[in-house]
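Take the given structure of chain A and dock chain B to it, following the hints.
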Amino acid sequence: MATRSRDMRTGPLLAPAVGLLLFWMIVPLALTLWFSFQRYNLQNPLVTGFAGITNYKLLLSNARLWVSILNTLVLVGSVLVITVISGVFFAVIFDQDFWGRNVARLLVTAPFFIMPTVSALIWKNLLMHPVNGFFSYVSRWLGLPVVDWFVQVPMFSIIMIVSWQWVPFATLILVTAMQSLDREQLEAARMDGAKGFSMFWNITLPHLQRSISVVVMIECIFLLSVFAEILVTTSGGPGLATTNLSYFIYMRALLQWDVGGASAAGVIAIVLANIVAAFLIRTFAKNLERE
Amino acid sequence: MTMRRSRTSLIAGIIGWVSAIAMFFPIFWMVVTSFKSEIDAVVPSILFKPTLQGYVEVNSRADYVSFALNSVVESIGSTLLALAIGLPAAYACAFYPGKRTKDLLLWMLSTKMMPAVGVLVPIYLLFRDAGLLDTRLGIVFLFTLSNLPIVIWMLYSFFKDVPTPILEAGRMDGARFWTQMRYILIPISMPGIASTALLSIILCWNEAFWSLNLTASRAGPLSAFIASFSSPEGLFWAKLSAASTLAVAPILVMGWVTQRQLVRGLTFGAVK
Chain A
-17 MATRSRDMRT GPLLAPAVGL LLFWMIVPLA LTLWFSFQRY NLQNPLVTGF
33 AGITNYKLLL SNARLWVSIL NTLVLVGSVL VITVISGVFF AVIFDQDFWG
83 RNVARLLVTA PFFIMPTVSA LIWKNLLMHP VNGFFSYVSR WLGLPVVDWF
133 VQVPMFSIIM IVSWQWVPFA TLILVTAMQS LDREQLEAAR MDGAKGFSMF
183 WNITLPHLQR SISVVVMIEC IFLLSVFAEI LVTTSGGPGL ATTNLSYFIY
233 MRALLQWDVG GASAAGVIAI VLANIVAAFL IRTFAKNLER E
Chain B
728 MTMRRSRTSL IAGIIGWVSA IAMFFPIFWM VVTSFKSEID AVVPSILFKP
778 TLQGYVEVNS RADYVSFALN SVVESIGSTL LALAIGLPAA YACAFYPGKR
828 TKDLLLWMLS TKMMPAVGVL VPIYLLFRDA GLLDTRLGIV FLFTLSNLPI
878 VIWMLYSFFK DVPTPILEAG RMDGARFWTQ MRYILIPISM PGIASTALLS
928 IILCWNEAFW SLNLTASRAG PLSAFIASFS SPEGLFWAKL SAASTLAVAP
978 ILVMGWVTQR QLVRGLTFGA VK
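Chain order of the listed sequences is A and B. Under our numbering, the first residue of the first sequence carries the number -17, and numbering increases by one thereafter. Under our numbering, the first residue of the second sequence carries the number 728, and numbering increases by one thereafter.
Some hints could be false.
[As the list claims (entries may be wrong)] Straight-line alpha carbon distances no greater than 25 Å define the calculated BS3-like cross-link-like pairs of lysine-lysine that follow:
#1 A/K268 <-> B/K826
#2 B/K776 <-> A/K268
#3 A/K268 <-> B/K999
#4 B/K839 <-> B/K826
#5 B/K999 <-> B/K829
#6 B/K829 <-> A/K268
[Stated by the list, open to error] Simulated coverage check for chain B against chain A, where a stretch passes if three residues somewhere in it have a Cβ under 8 Å from a Cβ of chain A:
#7 835 to 842
#8 857 to 864
#9 929 to 939
#10 980 to 988
Derived by calculation from the structure, the hints in this document are not laboratory data. All values reported here derive from a predicted model rather than from experimental measurement. We put the beta carbon where it would ideally sit given N, CA and C, even for glycine.
The shape of chain A in the complex, shown without the other chains (with noise of 0.2 Å):
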């Protein structure tokens, strides 16, 4: 294969993507870096020049960064076990062949398809909200206290409305591991008189163990920056209550048109993404010399 490679001339059909990408990698990245250390607000053209770690001293002593970037952990870590856990749960029911079943799983990954600022204000509307919304109404027919969702619980609000929209992305992804799962050695390990579940967990679960690092990782990626839900739901309130590092960010350089501060914000959500994107580059790697 080495050698026929050479028949033919790969450059040309690679540069586009190549150069594209490498634009897109290198130039808001050069960017962002280079105004994390200048003085340089949108509102004030008159504050300019070179400011050296400023931006990074300030933003570091500044409270509202340390819980937004809490808030985000928070946030990517309980959807993270909620999905994992749901996903693995449906992978292992809808393996099992029962009436509807292909009816029931579309469903149940359904919530994946809907755009999030949909998902964001159905919940928000008319689940969630405290007069009318149809959580308070079941509340009130069981006689139980109606809840104020975005007020009382508002990170554990958010957190239900994305676990909602990602537990069928980690559905989706294990069912269709468990479809690789040997069927042979399950009805073996049947025979030597295995139980329901020591077979889930000394043979369904290593088997689905490299696609729930594949769910995490790439939930990981997609999880540190959401945005729309906080946006049309809380706006990062009550307080700080909901305000994740994309959401600070967002406040930084798009109301207060602090360019420099956000810009520094931003150089940190890229340092947190990349300790994550070093684990998941390393599992396809892997992946790729498996092929």
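Showing chain B alone in chain A's frame:
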């Protein structure tokens, strides 16, 4: 044995269907509300006189149609562009692998890991200076770039499944790149290309970071239109539900149709 099987399947069936109904309920409720009048919409009841009022009002607002048109143009435009750039690249990686092909693919994947919010500021300023804010061209450009790695990886994973002898035969006959592409590769891997295109359309259609931050009324897609209901206008639940139903219906159908192949693209070929 069969007894136990059928009992497990009964239990699985009950759990499966209860979860399915619970997960789908918000969507079902949205569709139900879209057929209510505004007065009925704020009462959580399923006994009401169905009306198309919500749909009529959404459509009579001229801007709904223009937002929908933006969604169509932007997602299809950037999908075509990504395919045009991605097809040759995936072809080269799959059929003429060199020493560094693997690194190249991983590098492409790594560009996807940069959080959009990290480069929000420079992109906003570049767009402002280039006059690309709130233009379809700008959005098509961003959507293309952000989906290109996924498109290339997905096509690559489908091309890997094409038996090489078929292409070799074509090559023996002296077929050049475009001939091979047109008469051999594209027809054989059409299902793969189609599902790649669909995944790209789905991702563009639902994109809600760049579209919320860089567009307004001129180039705003449907996700931005729906976001405008978070203002006091959100009090009109029937209209919100009707607009939402229209916005998600085509994508939901596409998603359901291509589910199996989507997994490949969503996991960059890691799970098939």
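Quick one: which hint numbers does this structure break? Sort them smallest to largest.
Hints 2, 8 not satisfied by this model.
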